[in-house]
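Listed in order, the protein sequences are those of chains P and R. Numbering of the first sequence is given in our numbering, commencing with residue 1 and proceeding in unit increments. Numbering of the second sequence is given in our numbering, commencing with residue 1 and proceeding in unit increments.
A few of these clues could be false.
To be verified - Computed cross-link-like contacts, DSS-like style, restricted to lysine-lysine with a CA-CA straight-line distance of at most 25 Å:
(1) P:K12 x R:K387
(2) P:K12 x R:K386
(3) R:K361 x R:K383
(4) P:K12 x R:K57
(5) P:K65 x R:K480
(6) P:K12 x P:K65
(7) R:K387 x R:K57
(8) R:K387 x R:K361
(9) R:K386 x P:K106
(10) R:K383 x P:K65
(11) P:K106 x P:K12
(12) R:K386 x R:K361
(13) P:K104 x P:K12
Derived from the structure by calculation, the hints contain no laboratory data.
Each chain, letter by letter, is given below.
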Amino acid sequence: MSEIPTDLRYTKTHEWVRDEGDGTLTVGITDHAQEQLGDMVFVELPEIGAGFAAGDACAVVESVKAASDVYAPVDGEVTEVNEALADSPELVNQDPYGDGWLFKMKPAETDAVEALLDAEAYADYLEEEAH
Amino acid sequence: MLIFEHSRPGRRARAQAPAAEAPVDDLPAEQLRDTPPPLPEVSELEAVRHYTRLSQKNFSVDTHFYPLGSCTMKYNPRGCHRVAMLPEVLERHPRVPAAFAQGILACLHELQEILCRVTGMHAFSLTPAAGAQGEFAGVAMIRAYHHARGDRERDEILVPDAAHGTNPASAAMGGFRVREIPTDAEGDVDLTALRAAVGPRTAGIMLTNPSTLGVFERRIGEIARIVHEAGGLLYYDGANLNAILGRVRPGDMGFDIVHLNLHKTFSTPHGGGGPGAGPVGVCERLEPYLPVPRVGFDGDTYYWITERERPETIGRLSAFAGNLGVLLRAWAYARMLGAEGMRRVGDFATLNANYLATRLKEAGFDLAYPGRRATHEFIVTLKRQKKELGVTAMDFAKRMLDYGVHAPTTYFPLLVPECLLIEPTETETRETLDRFVEVMRRIREEAEQDPERLRQAPHGLPVRRLDEVRAAREPDLAWKPRPDGEAA
Numbered sequence: 001m002s003e004i005p006t007d008l009r010y011t012k013t014h015e016w017v018r019d020e021g022d023g024t025l026t027v028g029i030t031d032h033a034q035e036q037l038g039d040m041v042f043v044e045l046p047e048i049g050a051g052f053a054a055g056d057a058c059a060v061v062e063s064v065k066a067a068s069d070v071y072a073p074v075d076g077e078v079t080e081v082n083e084a085l086a087d088s089p090e091l092v093n094q095d096p097y098g099d100g101w102l103f104k105m106k107p108a109e110t111d112a113v114e115a116l117l118d119a120e121a122y123a124d125y126l127e128e129e130a131h
Numbered sequence: 001m002l003i004f005e006h007s008r009p010g011r012r013a014r015a016q017a018p019a020a021e022a023p024v025d026d027l028p029a030e031q032l033r034d035t036p037p038p039l040p041e042v043s044e045l046e047a048v049r050h051y052t053r054l055s056q057k058n059f060s061v062d063t064h065f066y067p068l069g070s071c072t073m074k075y076n077p078r079g080c081h082r083v084a085m086l087p088e089v090l091e092r093h094p095r096v097p098a099a100f101a102q103g104i105l106a107c108l109h110e111l112q113e114i115l116c117r118v119t120g121m122h123a124f125s126l127t128p129a130a131g132a133q134g135e136f137a138g139v140a141m142i143r144a145y146h147h148a149r150g151d152r153e154r155d156e157i158l159v160p161d162a163a164h165g166t167n168p169a170s171a172a173m174g175g176f177r178v179r180e181i182p183t184d185a186e187g188d189v190d191l192t193a194l195r196a197a198v199g200p201r202t203a204g205i206m207l208t209n210p211s212t213l214g215v216f217e218r219r220i221g222e223i224a225r226i227v228h229e230a231g232g233l234l235y236y237d238g239a240n241l242n243a244i245l246g247r248v249r250p251g252d253m254g255f256d257i258v259h260l261n262l263h264k265t266f267s268t269p270h271g272g273g274g275p276g277a278g279p280v281g282v283c284e285r286l287e288p289y290l291p292v293p294r295v296g297f298d299g300d301t302y303y304w305i306t307e308r309e310r311p312e313t314i315g316r317l318s319a320f321a322g323n324l325g326v327l328l329r330a331w332a333y334a335r336m337l338g339a340e341g342m343r344r345v346g347d348f349a350t351l352n353a354n355y356l357a358t359r360l361k362e363a364g365f366d367l368a369y370p371g372r373r374a375t376h377e378f379i380v381t382l383k384r385q386k387k388e389l390g391v392t393a394m395d396f397a398k399r400m401l402d403y404g405v406h407a408p409t410t411y412f413p414l415l416v417p418e419c420l421l422i423e424p425t426e427t428e429t430r431e432t433l434d435r436f437v438e439v440m441r442r443i444r445e446e447a448e449q450d451p452e453r454l455r456q457a458p459h460g461l462p463v464r465r466l467d468e469v470r471a472a473r474e475p476d477l478a479w480k481p482r483p484d485g486e487a488a
């Protein structure tokens, strides 16, 4: 069973979101997602300052199996990207919730994360998807 | 070892040298190179051994069962090569006037007609050099058709999520926005999502039927109605035509444009990177936009149809008439089979796939769509084996190579976890199919008793398990001479 930290929020497209409490959100892909994709070979990150609507494709993670879009979890603007992934995409596999984060964004609405899944709901969703 | 690494300065194959060097006196001086190109210098015997050894390392349909899903790696009858290998064909100059090329033009014209009859289309162009170029031609025709009607608002192409990756890529290359349509639990296109997606911006939909999930899209008539009513066109990706050959025609399903992979369905060698052929066929209203040149016949002589006769054409896609050798092989194959033979291709491709799917199910493997009849291919999911035994679809695939079976397509389609997409094709015997089931059983036993053996596979091939991450991140694609000028 993959790891699902209880302090994060989740999407059905397997992104996780951490509310940093300073008006920004950190976004990455879940342990389940990295496990399904396999070894990462390339991560394409958004431009800093780019605006996205929730559900827009805003990054690409490419593994030995497939290239997959990463979707913006909420409406907002990208404020920072994880530069380390350019040389070390394997961080997404090794530490998906830590050093393998993808980008930070400033949400258009402060309570936008409330609409996302909590850990329990995401775990249920994975369970459901498995059947 | 590369041929370059056998090289020694001054070594020659005198018996193979041309009688005299071609004169270069008339080349402009600034175009001449200062140093000779770094070509390998080897003896004739070394060259023969090198390439013979390489050929012995081939894992091909001539030597091994090759059930690579959605690729139709069937056996190509040797007879198909004969016409393409005639000296008159091999040595023919592409600019030979049509008056002196009536034989070849007659073959190409007949191939156009045969493909029309097979697919239920009105006209065909043979020039696209492969499937992806056929798709590009199709998308360009969708654009040309809407624009000719002054309908410039249509900027979206719908693509089901089970599609081949080339479909969204071709749509994007044609300048369209791609809208993905989900698949329902049974493997059919989600009609509710389709209805919600169509509208005044819909230029068309690109569909493979049977789909890459190895099932026939049952509501294709309904899909055609929804898309046509919205003013869009239907594009048929012919990659999986082998399943329905001689039984159902894309034109009768409502498709407006079709591309075929002759190198899959019409039996010409493929898998080595080409050449291929991806002819496109269209319904009557799209005929003016077909790529040129095509072959016409006035009842007496065959002639080239060019931009002059079809000013609305999307233009030329390749030099001359496409890959002639592939087209002639397809023509020979179609003539050898006839209509009755084509029907048998579809029947046996489907029978073999269903036989193999049933036997694997009986052997305890999980089918991704157990409730559906397989078409020419089907999906086994090893999700359970991964969970229970810790071995992946990739481990199974690599171990198969040790047993002399080419691996099926792995991890595609992306919708099914730990999947093997298996396409046995019509040219395999029942004994070969039974052996495949036996190999799958044995690999599963190994997974239970010695999973590490699978994770390290293959063991008996020229190369062991490759480092895929490094291959993708640090590709080593070109040989370079050492800086001192000596061969490595």
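These are the hints, each one checked on the structure:
no., hint, verdict
1, P:K12 x R:K387, "holds, 22 Å"
2, P:K12 x R:K386, "holds, 23 Å"
3, R:K361 x R:K383, "holds, 14 Å"
4, P:K12 x R:K57, "violated, 45 Å"
5, P:K65 x R:K480, "violated, 30 Å"
6, P:K12 x P:K65, "holds, 21 Å"
7, R:K387 x R:K57, "violated, 34 Å"
8, R:K387 x R:K361, "holds, 18 Å"
9, R:K386 x P:K106, "violated, 39 Å"
10, R:K383 x P:K65, "holds, 15 Å"
11, P:K106 x P:K12, "holds, 21 Å"
12, R:K386 x R:K361, "holds, 17 Å"
13, P:K104 x P:K12, "holds, 19 Å"
In this structure, the earlier hints numbered 4, 5, 7 and 9 are contradicted, and the remaining ones agree with it.
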